[in-house]
Amino acid sequence: MFDELIHNYLAVVSMVLFGIGFGNLLLQKNLIKKIIGMNIMDTAVYLFLASMGYISGRLAPIATDGNTDPSRYINPIPSGLVLTGIVVSVSVTALMLALTVRLYRRYHSLDIDAITLMVQQEHRE
Amino acid sequence: MDWIRNLPLIAILLSMVSGPVSSVLSGRAARRVSFFVVVTSGILSILVFWYVLRTGEPFTYKMGAFPAPFGNEIRVGVLEAMTATFFCFIMLLSLIGGYHFTAADIAEDRENLFYILINLLLASLLALIYTNDLFTGYVFIEINTISACGLIMIRGWGRNLLAAVKYMIMSLLGSGLLLIAISILYGITGHLLMEPMHESIVDIVREGTYTEPLTVAVGLFCVGIAIKSALFPFHSWLPDAYGYSTCASSAILSSLVSKGYIFLLIKFFYRVIGTDIIRSIQVDDVLFVFGIAGMLIGSMSAIQQPDVGRMIAFSSVAQIGYIYMGFGINTEAGVIASIFHILAHAAGKSLLFVSLNGLSGGNWENMNYRKLRGAAYRNRIAGVGFAVGSLSMVGIPLLAGFTSKVYFAQAAFALPSRSKMLVMLVALAVSTILNAMYFIGQTINIYTPLQRKDTAFSVKAGKAMWVAVVSFIVINLLLGIGSEPIFSWIQTGLSRF
Numbered sequence: 001m002f003d004e005l006i007h008n009y010l011a012v013v014s015m016v017l018f019g020i021g022f023g024n025l026l027l028q029k030n031l032i033k034k035i036i037g038m039n040i041m042d043t044a045v046y047l048f049l050a051s052m053g054y055i056s057g058r059l060a061p062i063a064t065d066g067n068t069d070p071s072r073y074i075n076p077i078p079s080g081l082v083l084t085g086i087v088v089s090v091s092v093t094a095l096m097l098a099l100t101v102r103l104y105r106r107y108h109s110l111d112i113d114a115i116t117l118m119v120q121q122e123h124r125e
Numbered sequence: 001m002d003w004i005r006n007l008p009l010i011a012i013l014l015s016m017v018s019g020p021v022s023s024v025l026s027g028r029a030a031r032r033v034s035f036f037v038v039v040t041s042g043i044l045s046i047l048v049f050w051y052v053l054r055t056g057e058p059f060t061y062k063m064g065a066f067p068a069p070f071g072n073e074i075r076v077g078v079l080e081a082m083t084a085t086f087f088c089f090i091m092l093l094s095l096i097g098g099y100h101f102t103a104a105d106i107a108e109d110r111e112n113l114f115y116i117l118i119n120l121l122l123a124s125l126l127a128l129i130y131t132n133d134l135f136t137g138y139v140f141i142e143i144n145t146i147s148a149c150g151l152i153m154i155r156g157w158g159r160n161l162l163a164a165v166k167y168m169i170m171s172l173l174g175s176g177l178l179l180i181a182i183s184i185l186y187g188i189t190g191h192l193l194m195e196p197m198h199e200s201i202v203d204i205v206r207e208g209t210y211t212e213p214l215t216v217a218v219g220l221f222c223v224g225i226a227i228k229s230a231l232f233p234f235h236s237w238l239p240d241a242y243g244y245s246t247c248a249s250s251a252i253l254s255s256l257v258s259k260g261y262i263f264l265l266i267k268f269f270y271r272v273i274g275t276d277i278i279r280s281i282q283v284d285d286v287l288f289v290f291g292i293a294g295m296l297i298g299s300m301s302a303i304q305q306p307d308v309g310r311m312i313a314f315s316s317v318a319q320i321g322y323i324y325m326g327f328g329i330n331t332e333a334g335v336i337a338s339i340f341h342i343l344a345h346a347a348g349k350s351l352l353f354v355s356l357n358g359l360s361g362g363n364w365e366n367m368n369y370r371k372l373r374g375a376a377y378r379n380r381i382a383g384v385g386f387a388v389g390s391l392s393m394v395g396i397p398l399l400a401g402f403t404s405k406v407y408f409a410q411a412a413f414a415l416p417s418r419s420k421m422l423v424m425l426v427a428l429a430v431s432t433i434l435n436a437m438y439f440i441g442q443t444i445n446i447y448t449p450l451q452r453k454d455t456a457f458s459v460k461a462g463k464a465m466w467v468a469v470v471s472f473i474v475i476n477l478l479l480g481i482g483s484e485p486i487f488s489w490i491q492t493g494l495s496r497f
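As you go down the protein sequences, you meet chains A and B in turn. Residue numbers for the first sequence follow the working numbering, beginning at 1 and rising by one. Residue numbers for the second sequence follow the working numbering, beginning at 1 and rising by one.
Please note that the accuracy of each hint is not assured.
[Stated by the list, open to error] Taking lysine-lysine pairs in the PhoX-like style, the calculated list, with each CA pair at most 20 Å apart, reads:
1) A/33 <-> B/166
2) B/463 <-> B/371
3) B/166 <-> A/29
[As the list claims (entries may be wrong)] Here are some of the chain A residues that sit facing chain B, going by a computed Cβ distance under 7 Å:
4) 101
5) 102
6) 119
The set of hints was computed from the structure by calculation and includes no laboratory data. All C-beta atoms in this analysis are idealised placements derived from N, C-alpha and C, irrespective of residue type, glycine included.
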């Protein structure tokens, strides 16, 4: 059991990071901390994917010297997935930050519970 | 006729490209482009539907230079083409029904943004329906989420912004889980295309290796989709998001956005994992329990809402519960009933939201049940629309909701397990009574004449509202009366899914 954990330490680390990120996104009240949590969560998945595609002793899958022998290179597909994932995560982060800025300008707070209260009050009046 | 095979991709690309193009256009031009794209996508989908019905076989369309199992693919069968056609039409009618409200709620210089989001939403829905690659599915889920978030916040009030943030937070939790599930599945199978993945999974289960990661991945995937489609208990984001958006947004969000995710879940069950394996790891039982809980608790929450917009939104939680209950029993009849309910709910819910906006003049302060008293006399067509939508949701014969409930009941009677059958039938009966309590009550409320006329606000029924409401009513009647061919199409589609 312990040996397996040591052997797959990258997967273990990425799952722990995923948990940290997930918890922060779910539980933090501060919107910026939530966004940081989301980024930790996404990065954990990229670590997991990248570690899955890595084969020790091989090169990055870029054929610079004309050598196309696949046994020289690591699996390129997880790297491609990571790149796609990063694009998605960047755009989602940008959207979340933009929303946070708009909420902050309106309610002068980053605390989502406080904002919820203010919105309810605003509606009652 | 093989050129028709290109059309699904053309429809996706058309709606995708029209998004960036609209960003440099004026609001008016963007509106025209958007209507053109939705209509064209609908026509292309009809052609594709006709083609797959004629050939009787689903076809795969290779994207790029690499063949399976390396490249990316689109796969189109009867079910996909039918759903795409239906979604295009519901989207078009929702846009028409919300036409005047869109113009009133959104500043003129930002109107083109609304139509960009509509185009992107259509592209992502079509891609979710057609794609045969799990990672592509994930990317389009994110595009769908982003455009849905935009549709929620486009009205720009504090309430919308808060609803959008809440929606994004829950959605991002869901996408994180989906992404890790897909990564784990890729790790144990080595594929992202659905059919090769399925073959690997069958081998994995036969050999008994990696069964724990497989179970975890399936569980995470289901939870991810459940969060995004607002299955109980993950529905906290839904009422504000649906209840306070502009008319077209509410109608489209409630009828289409969550259904795109659910369609991907059907693919995941049938094409990636296989229903036998789902049954052996008992994910379906979990969905069954939460589906039933959602049906009851969604309706109970709806009864307590003084705000009719939120009431209809909570009823969506209940209707999503029905759909998951059908997946939960995991028989062919159950899943067919669920798919039919997806269509019935889309037709009914968009009608309800459009009519509600017609009754209240699109102003959410007028959506309170007290203020809506007698509203049906002020906007007759919206009143009729609201009544028909309500009756369909309750399950009155001749309407779509009734037919889907009949299919659910038939699926229940065909179950081998008596206890499950009993639970399902009781849940159906109780939920119907709960639905009737708030929908019939509300319909009576809007048809109760006001004592003092001077307290009433005035609303106007435009031509667009007429067209949309009448078409929605016709669709509801068609689904209710002429369900036989739709049932057989779903059956054919599912058998070769």
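**Structure-inconsistent hints, enumerated in ascending order** = 2 and 4
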